[in-house]
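Q: Using UniProt numbering, the first residue of the sequence shown is number 1, and each one after it goes up by one.
Source of the hints: derived by calculation from the structure; they are not laboratory data.
Any given hint could turn out to be false.
[Claimed, not checked] Taking CB as the label site, the calculated pair distances span:
no. : residue 1 : residue 2 : range
1   : 138       : 67        : 32 to 42 Å
2   : 16        : 103       : 14 to 24 Å
3   : 188       : 162       : 18 to 28 Å
We treat Cβ as the ideally placed atom computed from N, Cα and C, and that holds for glycine.
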Amino acid sequence: MRALGIDPIHDTQKTFRTLCAVLSNPGTIEQHSVTPVDHAVVVTLVDHELQAQIDDEKLQKELDAQGRYEDADVREADIIHTRGVPSWDIRDIPRGTLLEPSDGATVIYRVETLTTISSHSAVESDNIHQDAVGDDTSITVVTIDGPGVPTKTGRTVAIGLPPEELDRIATAQSTYPRGVDVIITTAESMLAIPRSASISRVTIEHAQSTVTDGSVRERESEAR
C-alpha cells in the first residue's frame, strides 16, 4: 500500500477508527489525515475474502498486487467504490437479507463537496442556498436521521451528488434492516449513511428553519 502513500498498519488503523466514528454518528463529517480518503477507506476495508468493484485503476492494481482484489459485478460485490455518479444503480446493490442484513454491500462515493449546514451558516447568511450549494445542480442538501442522530433536528448536509442519486440512495436505505452502508468522501473528509439511517432531500427553506430552530433549542437548553 506504500505505493499509494498509505501505511498498511498505522494508516489503516487510523482510518478504521474514523470509520467507526462516522458510522456511529451518521451525517457527521470527519476530517481525516490519510489522503485521499476514498483510497484510505478502500484499502482499510478490502481483503482477500471480499469481492470488490473499484472505480480507480491505480487502486485496483495496487490491491491486485497484494492479492487483495477480486473483481466482481456490482450486483455481487461486497465493497464498491465510485468517483461521482456511478454507471450502475445503487438500488441493484446487495442489501443483505432479513436473517443476515450485514451481508449488504458497502458503497464508497468520492465527491468534491461535503458541507455541514450548521446553525452558524443559516443565521449568518441571507441565502443559505448560495453559501452551501450556489448554482451547482450536482450538489444536494439532505437531512439524515436514525440512530446516532439528534432526534429533533437530524443532521443536514450538502453532498456533491445530484438529487437523483441521493434519491436512489434513499431507496436503497428504505428496507431496514436490509440496506447498504454508504461512505461518502472528499479528498480529506468523510461521512457515513449506514443502513440504519434514512435520508431525505430538503428544500433550502426547510434546512434553514431546521438548523435555526435547533440553535434556539440549544440556547434554551443552556439557559436552563
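Q: Against this structure, judge whether each hint is valid.
A: Do the hints match the structure? See the list:
1. 138 x 67: 32 to 42 Å: holds (37 Å)
2. 16 x 103: 14 to 24 Å: For residue 103 against residue 16, whose Cβ atoms are near 20 Å apart, the range 14 to 24 Å holds.
3. 188 x 162: 18 to 28 Å: Roughly 22 Å apart at Cβ, these two residues keep to the hinted range, so it holds.
The structure agrees with every numbered hint stated previously.
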